[in-house]
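Asker: Listed here are the chains, written in short residue letters.
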Amino acid sequence: MEPTLFRTRRDRKLGENMAVRLEGVTKRFGEQKAVDNVSLEIRDGEFFSLLGPSGCGKTTLLRMIAGFDTPDEGRVIIGGKDMTEVPPYLRPVNTVFQNYALFPHMTVEQNIAFGLRMKKMPRDEIARRVQWALELINLPGYEKRRTDQMSGGQRQRIALARALVNEPEVLLLDEPLSALDLKLRQELRVDLMNLQERLGITFIFVTHDQEEALVMSDRIAVMNKGRIEQLGPTEEIYELPKTAFVAKFIGDSNLIPAQALEPRKVRTPIGEFVLDDEDTLTPGQEVLLSIRPEKIRLFREKPNLPNVFRAKVDDIIYTGSENQYVLLADGQRLMCETLNQDIQEPGHEEFTYDEEVWVALTPEKLVVIQGGVEGSNPYA
Amino acid sequence: MREAATPWERLRQMLLTIGPGAFWLGLFVLIPTLIMLVASLMSRGSLGQLVPPFGLHNYLRFFSDPLFVEIIGRSLWIGFWSTVFIMLLGYPLAFYIAQSRHKEVLLLLVVIPFFTNFLIRVYAWIVVFQKEGLLNGLITAFGFPPAELLPSTLAVYVATVYTYLPFFVLPLYAAVERIDWSQLEAAYDLGARPIRAFWEAIFPQTVPGLFAGFLLVFIPAVGTFVIADLLGGGKITLIGNLIQLQFGSAQNWAFGSAASMVLMAMVLLGLWLYARTQGERGLYKLV
Numbered sequence: 001m002e003p004t005l006f007r008t009r010r011d012r013k014l015g016e017n018m019a020v021r022l023e024g025v026t027k028r029f030g031e032q033k034a035v036d037n038v039s040l041e042i043r044d045g046e047f048f049s050l051l052g053p054s055g056c057g058k059t060t061l062l063r064m065i066a067g068f069d070t071p072d073e074g075r076v077i078i079g080g081k082d083m084t085e086v087p088p089y090l091r092p093v094n095t096v097f098q099n100y101a102l103f104p105h106m107t108v109e110q111n112i113a114f115g116l117r118m119k120k121m122p123r124d125e126i127a128r129r130v131q132w133a134l135e136l137i138n139l140p141g142y143e144k145r146r147t148d149q150m151s152g153g154q155r156q157r158i159a160l161a162r163a164l165v166n167e168p169e170v171l172l173l174d175e176p177l178s179a180l181d182l183k184l185r186q187e188l189r190v191d192l193m194n195l196q197e198r199l200g201i202t203f204i205f206v207t208h209d210q211e212e213a214l215v216m217s218d219r220i221a222v223m224n225k226g227r228i229e230q231l232g233p234t235e236e237i238y239e240l241p242k243t244a245f246v247a248k249f250i251g252d253s254n255l256i257p258a259q260a261l262e263p264r265k266v267r268t269p270i271g272e273f274v275l276d277d278e279d280t281l282t283p284g285q286e287v288l289l290s291i292r293p294e295k296i297r298l299f300r301e302k303p304n305l306p307n308v309f310r311a312k313v314d315d316i317i318y319t320g321s322e323n324q325y326v327l328l329a330d331g332q333r334l335m336c337e338t339l340n341q342d343i344q345e346p347g348h349e350e351f352t353y354d355e356e357v358w359v360a361l362t363p364e365k366l367v368v369i370q371g372g373v374e375g376s377n378p379y380a
Numbered sequence: 001m002r003e004a005a006t007p008w009e010r011l012r013q014m015l016l017t018i019g020p021g022a023f024w025l026g027l028f029v030l031i032p033t034l035i036m037l038v039a040s041l042m043s044r045g046s047l048g049q050l051v052p053p054f055g056l057h058n059y060l061r062f063f064s065d066p067l068f069v070e071i072i073g074r075s076l077w078i079g080f081w082s083t084v085f086i087m088l089l090g091y092p093l094a095f096y097i098a099q100s101r102h103k104e105v106l107l108l109l110v111v112i113p114f115f116t117n118f119l120i121r122v123y124a125w126i127v128v129f130q131k132e133g134l135l136n137g138l139i140t141a142f143g144f145p146p147a148e149l150l151p152s153t154l155a156v157y158v159a160t161v162y163t164y165l166p167f168f169v170l171p172l173y174a175a176v177e178r179i180d181w182s183q184l185e186a187a188y189d190l191g192a193r194p195i196r197a198f199w200e201a202i203f204p205q206t207v208p209g210l211f212a213g214f215l216l217v218f219i220p221a222v223g224t225f226v227i228a229d230l231l232g233g234g235k236i237t238l239i240g241n242l243i244q245l246q247f248g249s250a251q252n253w254a255f256g257s258a259a260s261m262v263l264m265a266m267v268l269l270g271l272w273l274y275a276r277t278q279g280e281r282g283l284y285k286l287v
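Those protein sequence lines, which keep their order, are chains A and B.
In this text, residue positions in the first sequence follow the working numbering: the first is 1, and each later residue adds one.
In this text, residue positions in the second sequence follow the working numbering: the first is 1, and each later residue adds one.
Simulated from the structure, these hints should not be mistaken for laboratory data.
Just so you know, nobody snuck in bad clues.
Listed below are the simulated SDA-like cross-link pairs for lysine to any residue, each with C-alpha atoms no more than 25 Å apart in a straight line:
#1 Lys144(A) to Ser182(B)
#2 Lys81(A) to Glu185(B)
#3 Lys120(A) to Arg196(B)
#4 Lys119(A) to Arg196(B)
#5 Lys144(A) to Arg196(B)
#6 Lys119(A) to Pro204(B)
Produce the complete structure using the sequences and hints provided.
Answerer: Written out as structure tokens, the structure reads:
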């Protein structure tokens, strides 16, 4: 395994044991490969996200862990046991469905008790656990309510309780927040994180919302066209994208085509740049440089920094907390974000339309992406 | 909401809201039923017209004659079993259609028989069941002696099931179509094996459709007379045949009305008993 450059969320220590291991899993629907030879390991107690655009195979992958779909090739190992062919009702996992899939003909209590009833647990024990689950999701007193009388956020929490009350080894969440409005989504993110930390259950979270994945996950697997583009701790995914797809899908990124001149020097349409010590390239090699908009520095006076060039402010987007500048330099467009701090010190100035500015690209923040521009537009 | 509406205004509001519905129901349900009720209490004149005296004599006659009681019993019996067969066939069929890729085509196939007149469809069964008919052709082709299939109770059952199957399938299909199938997966996920998952997660959601289909099939199946007439060869007399006879050749509208009222009372009694078993909710649902 490669050395981990970044720590997991909140510096958490994860278990040594593997909760879930996928070995060369492939799933075809007709000619199309929905999941293409995916291998990964998810550790005990981890908050793991599968992130990607719709149709990337993340839900199919989750369904194979749940047991609703069987892989055409490869193995699914849960808690150290091969569960590739085991039906869903015998797996130690539970699922929170995207549309909640609550039983409309049952009360809240009956919904939550369903899994325990299937396990033939004694009645008083079921009642006790249902009570525990209702307190867990902050809905005590709702036992006799019918689920169709409840709001989206409440139903979402009942679906969560219905799954968690069974004490699964792994909880699978299929875009559980996507149907809710922004404010509620943000609240539930925090609730989910706290719950996961408190219960210590492994969460596998499927989402297309990169912010959701960044906020909650220990590690993220970014998926595209049935394959994993990149897998790593959250910060690593954001700071060191390995492919153009990841750079563009997670946050925003400027991609600049470049040709290596020396092991740590490249030529681009906007000038020659030096790179960080860790990068080594073969002269003549074609690569892409990726730099995040907030990592570009702008100056009115020429600063004494490496990788400095002139650009013109083509457009300004004011978002309240940020000023976003669209810069033009030798035909190359660059997005740049600065905090709206309202101070006019060097490095913090505000600029106007058509102003000529000095741009500095810090060598350590220029990420080299091997391979071409292919897939650089995740929405294409 | 405005406050203190005058009585006139409230009347106006009522007429505008429930008025039209109440009007049609009164015109086509309440008034005809009342007419029949009155007729059932009258007597037959010498020319077959309705004349006084009023009294319960038609009802007394109906229940004092074991023949009539047997007829209504047989009607309920045949109607009940036809409905059971229809449910056994129609329940899986509704599910099959609801999850099929070609549900429009299949639904059309269910509805297509209605394009042909009911009588013609019943006559078509004669072609199937008669001595030199399709079925006997098949039987003799395999070397068996031809069977006496017409008239027979079997033919009555087959034709009844055939005729009323769509009335069961369509309302049930509407209920099945609305089911969210991820609930079945949720049940598996929570540890239910396939049959249990279906029984606990899906079946309860089909009960209203099942009940609606039952009513739509059972009531006309009990009251039918054409099928028994044509395929039962006059040997199988149902309550429908009796009523038809009284209004037709027997020219005793008063007794026919009484028989109709008895049939209606039987069906309503059945429904009421069912609702009682379901508790207060059941009665409410029924309405």
